[in-house]
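S.K.: Residue numbers (this note's numbering), protein chains in the order written: chain A, 123 to 608; chain B, 6 to 505; chain C, 1460 to 1552.
None of these hints come from the bench; they were simulated from the model.
Here the structure is a predicted model, which is why all the values come from computation and not from measurement.
Idealized CB from N, CA, C, for every residue including glycine.
Every clue listed holds true.
Beta-carbon label-pair distances, calculated as ranges:
hint : chain 1 : residue 1 : chain 2 : residue 2 : range
1    : C       : 1481      : A       : 145       : 51 to 59 Å
2    : B       : 266       : C       : 1466      : 13 to 21 Å
3    : C       : 1540      : B       : 35        : 17 to 25 Å
4    : B       : 36        : A       : 531       : 50 to 58 Å
5    : C       : 1524      : A       : 604       : 49 to 57 Å
6    : B       : 252       : C       : 1466      : 32 to 40 Å
7    : A       : 480       : B       : 153       : 34 to 42 Å
8    : A       : 480       : B       : 109       : 29 to 37 Å
9    : B       : 348       : C       : 1540      : 45 to 53 Å
Derived coverage of chain B by chain C (criterion: at least 3 residues anywhere in the stretch with Cβ under 8 Å from a Cβ of chain C; other residues may be distant):
hint : segment
10   : 15–26
11   : 29–38
12   : 42–54
13   : 57–63
14   : 153–159
15   : 300–314
Calculated cross-link-like contacts (lysine-lysine; reagent style DSSO-like; alpha-carbon spacing at most 30 Å):
hint : chain 1 : residue 1 : chain 2 : residue 2
16   : B       : 345       : B       : 361
17   : B       : 415       : B       : 471
18   : B       : 80        : C       : 1503
19   : B       : 23        : C       : 1531
20   : A       : 377       : C       : 1503
21   : C       : 1503      : B       : 74
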Amino acid sequence: MDNLCSLTLKEAIELAKKDSAQPILDAFAKRAEALNPRVNAFLRFNASDINLPLTAERLPLAGVPISIKDNICIDGREVTCASKILAKHVPPYDATVIEKLKNAGATLFGQCNMDEFAFGSSCETSAFGPCRNPWDLERVPGGSSGGCAASVAADMTLAALGSDTGGSIRQPAALCGVVGVKPTYGRVSRYGLIAFGSSFDQIGPLTKTVEDAAILMNILCGHDPKDSTSSPEKVPDFTQALKRDVKGLRIGLPKEYFIEGIDPEVEKSVRQAAEIYKKLGAEIKMISLPHTEHSVAVYYIVAVAEASSNLGRFDGVEYGLRVPSKDLREMYFETRDQGFGQEAKRRILLGTFVLSAGYYEAYYLKGQKVRTLIRQDFERAFKEVDVILSPTSPTAAFKIGEKAADPIAMYLSDIFTIPANLAGIPAMSLPCGFKKVTVTNSDSHQGCELPIGLQLMARPFDESTMLRAAYSFEQETGIYKKKPKL
Amino acid sequence: MQYEPVIGLEVHVQLKTKSKLFCSCATMFGAEGNRNTCPVCLGWPGSLPVLNEVALKLGIRVGLALNCKVAERLKFDRKNYFYPDLPKAYQISQFDMPVNGRGWLDVETKGGQAPFSEEKKKVPVPFITKRIGITRAHLEEDAGKLLHEGIADGSLVDYNRGGIPLLEIVSEPDIRSPQEAYDYLTALKAILQYIEVSDCDMEKGSLRCDANVSVRPVGQEKFGTKVEIKNLNSFKMVQKAIQYEITRQTEAIGDGETIVQETRLWNDAKGTTFSMRSKEEAHDYRYFPEPDLVPFTLSRETVEEIRKTLPELPLERAKRFIKEYGISEYDAYVLTQERKLAEYFEACLKGQILGKEDLSLSAKLASNWIQTELLAMLNAKNIAIEDCSISPQALAGLIRLVEQGTLSGKTAKDVLQEMAATGKAAEVIVKEKGLTQVSDTGLIEKAVEKAIAANPTAVAEFKAGKQKALGALVGAVMKETGGKANPKVLNEILLKNLSK
Amino acid sequence: MEINIEKISELARLNLKPEEKHKLAQDLGAILEYVKKLDVLDTKDVEPTSHVLNMENVFRADEAKPTDAARKALQHAPETEGSFFKVPKVVQR
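Based on the provided sequences and hints, a complete structural model is requested.
M.R.: Okay, structure coming up:
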């Protein structure tokens, strides 16, 4: 049965169309039941009694299981953002991406663990216990879409939808060795995604292969009248873009992304990737994105300001947690105090502060202005190159608890992913190598390998070029075929 | 020391759209609790706003009618605060780039310092036109409604009103008396109704007003500390509350106290304002640009298209009535306060009361009939002019009968009631009931001769100079003609025969 | 960087415990210190970015559509009475 779980999305759809998706669903249900207690990738998942719609096989996704980060609303199903404040929260409507998946015949399978309200880079801030990295269960899967990445890497699902505000799809994809795409801001409707940083958030796929990502991109992208920031830009057939051809493609290596603090093996692996591209006929250029070092600071002002406002609605009035109280004021304070975890409180306070009277200009407005400078960096760079190549994360997966005490160290682990969100450009991560480490946990005394992620960034709405470059590399190296031992 | 009040008004008007400002929920009043709600106006996590195009256009319409500078570029901002009627914990409003910037409103006011209590006489005091500045008029979403009454252990929340489009019209602190405030509101309401952007029904909450009041020594440039008054449910309340507040502040300053900047609520039963909070809670709304809505650019053409659809406004219309029909300033003012009334008046004139050459006389007659008889009747029955069952043409017909001498003024009033009740034309009622006034001189002549012959005493007394004796003779003629004799004709013939 | 954690937690409606308050104030101080490095950049003539897309004038038509959301929402609400959400007494302070 397990071999069904190791299928790619593409292969599973073909099989389901020929026969039925039911055996595939059963296999995933069984595998999730077996592995989830160890990995904790799913907060909830469909057991083996899922009823497949009769017509599913005729639809593009043919009834195969797709998992969803637990911040995307599904009508009638509990959605919690991995927070106690939303425990038992049942949205009365489907997110636009959920509608699209249902229309395409997907079976909504697992609801994936994440950092609480997507606040984190390790999945440790989940109120329902950390998710673990399938390559080494003592390590984090990255975050915030850690459950998505871990479930795809562990063959617990065929693919997952995550959300990316500052790297929340790409960084866990890198740390778990899967493909993760953050589309251009405005490409995919945000309607039904429980907001973190509204001007940054994008939904995107986490998959086993680049082709799988392209298949899901075809379904997810497109204008939505329910989202004012949804772009009317035409959506190409992304699967058509997948050619093994990067001849003449101009690829930029930003010098600011190869800095002190980056793991030498990560740097080595990314530089080797550049060599491979060169061999395939691409032109490699050193470029400069001079304001890179400021991106984390800008992000932690602007995104957190938006978040503090977005999280005001969790007040115990209409939904989610309410702590019984004698008066309204106490209800607000007690509900929010008991409902939010530490990191959520930290960000709510920080966001409240940077917007408060007397500080708005020094922090929020300043942040927005530097955001402009960072956008301009990319505009200039994309005059010289077609794709920018960098590490996704400065390090491979770190140990659970390693950075939990130091928020700034944790924030800095997003330094390479944040700029794409600040500029709204498309970006993705794909596996480009492994780092060998010694495992000292009780399960095993052998050495293990940790995936390294390669990040590609492209011009706004040019996901096609980005996917083509990724596909060429993936097909050339075949790194994606390697699986964690569980 | 002499003090003068400085008053500014903030008016919230609900814009008349089919759906809410940022979602497709219905806006109709009086639906079952929370019936008109959806994930967007309930503020459910993940929902997103999309602007109602008509709401923006209605907002621009108001701006143009108030001579505002309509923005070329506008955006929405979040105003963050916690309250159960605000489901997202922020209100989508406009902070620094409102749809309408500075403008003004010319108000016909009886001016200056006249305290309202002296306004008992109905004598038309000449108006002066005062220009009140408009600071801005911006779009925002309404909040839901909290119900407290009869609930011992909490409050209930109804979000039906949440998300309905509002335009907040902020005046400059140009108003100097409670009467001016009243006149400003009346003029503003008239305009809003003329341009058909709102029902302006204070009872249903579609028009709300807060007043900012301060006092300062006469001649001082600097404003005093202002107090905001809320819970004002009618224009009269606004006027009374401002008057109360002026007196309170002036006395407080006289007693050496300092005015605290605060929000006060009007208690209409007691006729006083009272402080809303003992300790003013620090407000820090943390405004920032709404990331879920894109900015908006208004082309000159869009704005001019809207301008073209604006009707004649009340003040222009009043001026035209005076010029075209020769009616008094006061009549013109009263007739133009309500668009439907002004239209009724003009339609009535088109009903050809008199010949074209007598337009001015017709206008005066129509104006009098409408103001004294028709409105009195409608007000007594609490009927709006647009729901009046007597068409303007029918009223013209009635007036015409009076002017032709067919009906006496007294009988005409009864006929008016009959018209309202039955919907029949005046001519029909007159015919059916045989109410036609006798103007036939021959017939009256005969009756007069008969009356003179039958009442020699009265004739003698009259000839001896006793004017009162005439009454008995008139009465006798009326009796003879069944009360239908045209009094004017009767009088003439009687006097002529008596002087023989 | 000293921040008034009392005022900020009041605005954010967070009832922090004393030990939490101290830790969070420290964390925020450190983050703001880090963020302050933006001051080296001259942004006098730079336009702020609120939206990365250059989109504008996104509207909906003024059409009313009924939804069933209220019924579902009330079903899952913490407390209701009839067709209303219910909250504890609003105490004027």
